[in-house]
Each structure stands twice: as C-alpha cells, then as structure tokens.
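Line order of the protein sequences matches chains W and D.
FYI, the numbering for the first sequence is 1172 to 1492, going by my numbering.
FYI, the numbering for the second sequence is 1172 to 1492, going by my numbering.
Do not take every clue at face value.
[Said to hold, decoys possible] Taking lysine-lysine pairs in the DSS-like style, the calculated list, with each CA pair at most 25 angstroms apart, reads:
{"no.": "1", "chain 1": "W", "residue 1": "K1306", "chain 2": "D", "residue 2": "K1334"}
{"no.": "2", "chain 1": "W", "residue 1": "K1363", "chain 2": "W", "residue 2": "K1462"}
{"no.": "3", "chain 1": "D", "residue 1": "K1423", "chain 2": "D", "residue 2": "K1401"}
{"no.": "4", "chain 1": "D", "residue 1": "K1196", "chain 2": "W", "residue 2": "K1404"}
{"no.": "5", "chain 1": "W", "residue 1": "K1453", "chain 2": "W", "residue 2": "K1262"}
{"no.": "6", "chain 1": "D", "residue 1": "K1462", "chain 2": "D", "residue 2": "K1363"}
{"no.": "7", "chain 1": "W", "residue 1": "K1196", "chain 2": "D", "residue 2": "K1306"}
{"no.": "8", "chain 1": "W", "residue 1": "K1196", "chain 2": "W", "residue 2": "K1262"}
{"no.": "9", "chain 1": "D", "residue 1": "K1334", "chain 2": "D", "residue 2": "K1391"}
{"no.": "10", "chain 1": "W", "residue 1": "K1453", "chain 2": "W", "residue 2": "K1334"}
{"no.": "11", "chain 1": "W", "residue 1": "K1298", "chain 2": "D", "residue 2": "K1391"}
{"no.": "12", "chain 1": "W", "residue 1": "K1334", "chain 2": "D", "residue 2": "K1196"}
{"no.": "13", "chain 1": "D", "residue 1": "K1334", "chain 2": "W", "residue 2": "K1196"}
{"no.": "14", "chain 1": "D", "residue 1": "K1298", "chain 2": "W", "residue 2": "K1298"}
{"no.": "15", "chain 1": "W", "residue 1": "K1306", "chain 2": "D", "residue 2": "K1298"}
{"no.": "16", "chain 1": "D", "residue 1": "K1306", "chain 2": "W", "residue 2": "K1306"}
{"no.": "17", "chain 1": "W", "residue 1": "K1435", "chain 2": "W", "residue 2": "K1421"}
{"no.": "18", "chain 1": "D", "residue 1": "K1196", "chain 2": "D", "residue 2": "K1334"}
{"no.": "19", "chain 1": "D", "residue 1": "K1404", "chain 2": "W", "residue 2": "K1196"}
Hints were generated in silico from the structure; no laboratory data involved.
There are 2 protein chains.
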Amino acid sequence: MHTFEQLTELFGNYFSAQQLPTLPKNLYDPCRYFLQLGGKRIRPVFCLMGNELFGEIHEDAYKVGTAIELFHNFTLIHDDIMDEADLRRGKPTVHTKYGNTAALLSGDVMMIKAYQYLENIQTEYLKNILHLFNKTAVEVCEGQQLDMDYAQDNRIDLYDYIKMIELKTSVLLAASLEMGAIIGGASEGSSKHLYAFGKNLGIAFQIQDDYLDAFGDAAKFGKEIGGDIKQNKKTALLIRALEVATDAQKLKLNDAMNNNADNKVETVIQLFRECGVPEWAKALKEEYLNKAMYHLEEVAVQSSRKKHLKDIAAFLIQRDY
Amino acid sequence: MHTFEQLTELFGNYFSAQQLPTLPKNLYDPCRYFLQLGGKRIRPVFCLMGNELFGEIHEDAYKVGTAIELFHNFTLIHDDIMDEADLRRGKPTVHTKYGNTAALLSGDVMMIKAYQYLENIQTEYLKNILHLFNKTAVEVCEGQQLDMDYAQDNRIDLYDYIKMIELKTSVLLAASLEMGAIIGGASEGSSKHLYAFGKNLGIAFQIQDDYLDAFGDAAKFGKEIGGDIKQNKKTALLIRALEVATDAQKLKLNDAMNNNADNKVETVIQLFRECGVPEWAKALKEEYLNKAMYHLEEVAVQSSRKKHLKDIAAFLIQRDY
Chain W
1172 MHTFEQLTEL
1182 FGNYFSAQQL
1192 PTLPKNLYDP
1202 CRYFLQLGGK
1212 RIRPVFCLMG
1222 NELFGEIHED
1232 AYKVGTAIEL
1242 FHNFTLIHDD
1252 IMDEADLRRG
1262 KPTVHTKYGN
1272 TAALLSGDVM
1282 MIKAYQYLEN
1292 IQTEYLKNIL
1302 HLFNKTAVEV
1312 CEGQQLDMDY
1322 AQDNRIDLYD
1332 YIKMIELKTS
1342 VLLAASLEMG
1352 AIIGGASEGS
1362 SKHLYAFGKN
1372 LGIAFQIQDD
1382 YLDAFGDAAK
1392 FGKEIGGDIK
1402 QNKKTALLIR
1412 ALEVATDAQK
1422 LKLNDAMNNN
1432 ADNKVETVIQ
1442 LFRECGVPEW
1452 AKALKEEYLN
1462 KAMYHLEEVA
1472 VQSSRKKHLK
1482 DIAAFLIQRD
1492 Y
Chain D
1172 MHTFEQLTEL
1182 FGNYFSAQQL
1192 PTLPKNLYDP
1202 CRYFLQLGGK
1212 RIRPVFCLMG
1222 NELFGEIHED
1232 AYKVGTAIEL
1242 FHNFTLIHDD
1252 IMDEADLRRG
1262 KPTVHTKYGN
1272 TAALLSGDVM
1282 MIKAYQYLEN
1292 IQTEYLKNIL
1302 HLFNKTAVEV
1312 CEGQQLDMDY
1322 AQDNRIDLYD
1332 YIKMIELKTS
1342 VLLAASLEMG
1352 AIIGGASEGS
1362 SKHLYAFGKN
1372 LGIAFQIQDD
1382 YLDAFGDAAK
1392 FGKEIGGDIK
1402 QNKKTALLIR
1412 ALEVATDAQK
1422 LKLNDAMNNN
1432 ADNKVETVIQ
1442 LFRECGVPEW
1452 AKALKEEYLN
1462 KAMYHLEEVA
1472 VQSSRKKHLK
1482 DIAAFLIQRD
1492 Y
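One chain only, chain W, in its complex shape (with noise of 0.2 angstroms):
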C-alpha cells in the first residue's frame, strides 16, 4: 500500500500527461493556465486511497480521480468570478487574467471534461459512480449557494453553518473516498463508513480552518492571522460567540464589526477568548474527528489497511497547537 505522499505523486503524473485541446485557444489556455497553478490534488488522492484500502488501484480511478479534480478546478474558476477573487494560490484568477466570459465557458467545458473521464470506466461501476458524481456535483452547487445567501443572513445558526460547509466541501471529500471505495469492490455498508469518514474529516479540518484564522501561529498556519475577522466572515467562532455573549459582549462585538478600527482582529479575538470560543471550537473540531475515525474503524478490512487513512486524518487535523 502506498502512503498520501506516493500516491500524490502517481496522481500528479499521471493528471499532468493529460492532453487538453490546443483550439479553440481563448477556451482551453485558460484551462491549462489554471491547472497548472498546482493544488493539493487531495481529492483524487482520496479515491486512491479509498480504492486501495479494498484492493489494488485500478485505471479506473485515476480517470475518476481526474475526473474530480477537474470538477473541483471548475468550482473554483467560478466561485472566483462569483466572489470576485482576485488572487488564486498567489496567482491571478481566471477572470482576472482573461476575463468573465472566458473564465465561464472555461469551466463549462471543463465540467464536461470531467464527465468525459467518467464515461470509459468499466460498465460494471458506471452507473453507481456517475450517480454519487452527480449528486456530489448537486451539492457542492447547493452549498455554495448557501454560502453566498448566509453573507447576507444574520439569521444563520451553527447548524446552518456546518450544512452549508457540508455540501461546499466535505461532501466532495467524501465521495472521492466513496467512489474509490466502488472501484475497489468494497461492500455498500463500508463505502458508506468512508463516506461518512471523508464527511465528518472535512467538517472538522473547515472548523480548524477557522480556528487557525483567529488562534493559529501565523507561521505554522501560513496565512495572516485575522483574514476572516476583517472581512466579518461568518465562521463558527463568530456564530459561537454571537450565541453565547453577553449584551455587553455582543455590543462590543458588533461596533468592532462595523467600525474596522486598526485593533480589529485583536478586539474580536480578545472577546473571542472572553466567550470561551477557542475551547469550544477545538471540543467541536474533535467531535467532528470523534465522528469521523468512528466510521473508519466501522469500514469492513484490516485495521492494518486503514493506517494511511489514519496517517493522513492526523496530518490535516493537528493537535499540536
């Protein structure tokens, strides 16, 4: 069995010995432009590793693999234009660099790209792997639909918060490991075990994510400390302490909010902390974790098989902080 790293550097060769058309060019540089930009390929990687936790790894899913990563790219080429992101891994976006229109129809055609890796997998698998595909693609639209109304909505509870983070980002996680599991013949109940596994992984690394924006080393995290509180992003810490605050609190909250002082980020941390945020969010991230290395023990193979799996939970959900 191969570790996350190996299998990182199977998928990076075999997803960049893919051919994209040469014309139209204003359709597919921006294509290749934006994959070139790199990326974790984590998702791929996890329909390795949920393939081969049940047996060898088959053609099939890379081409699922490549398949979801492409649908990934194409969210996040429009999700850019939807939030008009200038900056994507450090490199202008795709509308910015060539503009809305071709930053559209680039992602329309590379949604179709991804389906047409799906459609040469054996037939045996086909129609259950383009059935979860969908109804993840589904998702991942719905959520980000969600995240974009919650901007405006004052109204939105933790629970809200943690549906929407579901189908914007776990739900793609988990059907990765999910299909994977498919390709490598696992029974229905253990694909639905890693299925809940990748769901519930997902929904604690966002709630770490958004820890580390306010309590993280700015070092370790490798991003400014506080770029979610400037924006007056609605995370689960800024839900928590609006839950739970005093009127006093909860006024002093809302004028940081509003008045974007210099001492901002370390107002809002500071009442932060008085609400007992951090200690909450860490006890949640680790139900979350709870939740998710519960179903992989479940998942029907040798414990022996699930120390990748396991490794690779550890190293997105630290403890060390």
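Chain W is already provided as a structure; the job is to place chain D on it using the hints.
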C-alpha cells in the same frame, strides 16, 4: 408512429411534470423561471423521433430528451451572460432578472441536473449515450467560443463560419436524433446517417435564418428585418458579399457598416442583391438540405417510417418565399 406535433405534446407533458428542488431558493428559482419561458423543445422531440424511427418509444428517450433540453437551456443562460443579452423569448434573461452570479450558478446546476437524467437509463446504452452527450457538449462550448472569437476577426471565411454554426447549433440537433436511434436499437451505420441528416439540416436551417434576416417576409419571419445587419453580424450573407464584391462595392459596404446611417439596412440589402447573395444563399441552403435528405435515405428502415422526419425537415426549411 407520431407526428412532430404529437411528440411535442407528449414530451411537453413529461418535461413539465419534472420537479426541481425548492431549496436553496436563490439557486432553483432562476432555473424554474427560465424553463417556464418555454421554447420549441425541438431537440428532445428529435430524440423521440430518432427512437421511434426504429421501434416503440422507450422511457429512456424521455430521460435523454430531458437531459438534452436541460443542457440546451444551460447553454442559453450562460450565452446570455456572455452576450449581455437582455431578452430571451421576449422576457428578461436570467442574469437580467436575478443577476450574473445567480445566472452563472443556476446554469451550472442545470447542467449537472442534465447528467442526472442520464444516470438512470439502461446500462446497455449508458456508455454510448454518455460518450455522445459529452462529445457534443464539448463541441457546443467550442462553437460558442468560435462565435465570440469570430466577432473580432475579419479574416474568417465561409468554411470557418459553417464550422462554427455546425458546432454551436447543429451537432446538438444531430446528437439528439442519434441518441434516440441508439435507444431504438439502431445499427451504428444508421445512427451515423441519422446524425449526418441532423447536422446538415441544422446548417441549412442556420443559412436560412441568415437569409430571412435580410430577405424574409417580416410578417412570416416573426422578427424585424435586418437585425443582423444593424449589429454588423458576420452572417453567411455578409461573408459571401465581402468575398465577391468589387472594390467599389466593398467600400460602400464597409462604409454602411461603419456609419450606421438611417438607411443602413436598405443599403446593405441592396449591396447583397448586387452581389448575387440571395441566389447564392438559397443554393447553399439547398445543398445542405440535399445532403441531409441523402443521409436520411441511407438510414436502413422502411421509407414510410421516415415520413415524419421528412415532414419536419420540409417545415423547418421552407421553400416558398
């Protein structure tokens, strides 16, 4: 066997009974709005006709027809954003009514919904249908890109133009017929001839559309005369005129196009006439119609079964003007 009109009604009943989810409202309301604007549903009806040419209509033809119609509507929603079109079927376009972001994401989800209709067809045909659907969908995107590229390129010739309309509109008509034929159990040879019938018919139809813009009877045509001319649209007529015009005529033509005088439409139409464009366009249309009819003849079923397809071809490509 059923006439085109009967199948339009049958498909309309099936299609309107399909339900989109209610939530998220901001995602699905724009989809519902656009689908209820109507449209002739030619493509799904072609799919039913392609099936019935070879046998009883199978429920799968309705599913595939729905996938085709959803895909077609997805392209219209996104094309309208790209073309900054305010109206479609006399009503506000999706982006005009709901904004660009909503139109973008609603189009995306509509396309995935299209693929959901494919996942439940008989396994036996799934791979072939998915292959043709994907190939065609990519071509439609490429056609849209070429259409936008050509608007800014003065060197395109008739060959480029025909290739563009083939991709942008004809291949989907052709594939609709062929997918129906596949479901009907047609041989590969007959399927390909039916595809070629649809492709050439689509090109003939587009050339007729260009012709009618300048030389049609406004009352019969249902559109204002000269819409393409006002926009300096590169139609088959304009490309031909610029190809055969004398230097003096070319000067007049370019002058009329650049100056947008009150009599622009009349001036350009007069120049088209001087260059023999109307006779040429009619002959070109006939040429593609004849190709289409040749391929229909080659489909290996009794001639009597082809009657309704001949009727609809005659209806779409009128000769009495």
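Going through the hints against the structure:
| no. | hint | in the structure |
| --- | --- | --- |
| 1 | W:K1306 / D:K1334 | violated (35 angstroms) |
| 2 | W:K1363 / W:K1462 | holds (13 angstroms) |
| 3 | D:K1423 / D:K1401 | holds (15 angstroms) |
| 4 | D:K1196 / W:K1404 | holds (22 angstroms) |
| 5 | W:K1453 / W:K1262 | violated (32 angstroms) |
| 6 | D:K1462 / D:K1363 | holds (13 angstroms) |
| 7 | W:K1196 / D:K1306 | holds (18 angstroms) |
| 8 | W:K1196 / W:K1262 | holds (20 angstroms) |
| 9 | D:K1334 / D:K1391 | violated (28 angstroms) |
| 10 | W:K1453 / W:K1334 | holds (19 angstroms) |
| 11 | W:K1298 / D:K1391 | violated (47 angstroms) |
| 12 | W:K1334 / D:K1196 | holds (16 angstroms) |
| 13 | D:K1334 / W:K1196 | holds (16 angstroms) |
| 14 | D:K1298 / W:K1298 | holds (9 angstroms) |
| 15 | W:K1306 / D:K1298 | holds (19 angstroms) |
| 16 | D:K1306 / W:K1306 | holds (22 angstroms) |
| 17 | W:K1435 / W:K1421 | holds (14 angstroms) |
| 18 | D:K1196 / D:K1334 | violated (39 angstroms) |
| 19 | D:K1404 / W:K1196 | holds (22 angstroms) |
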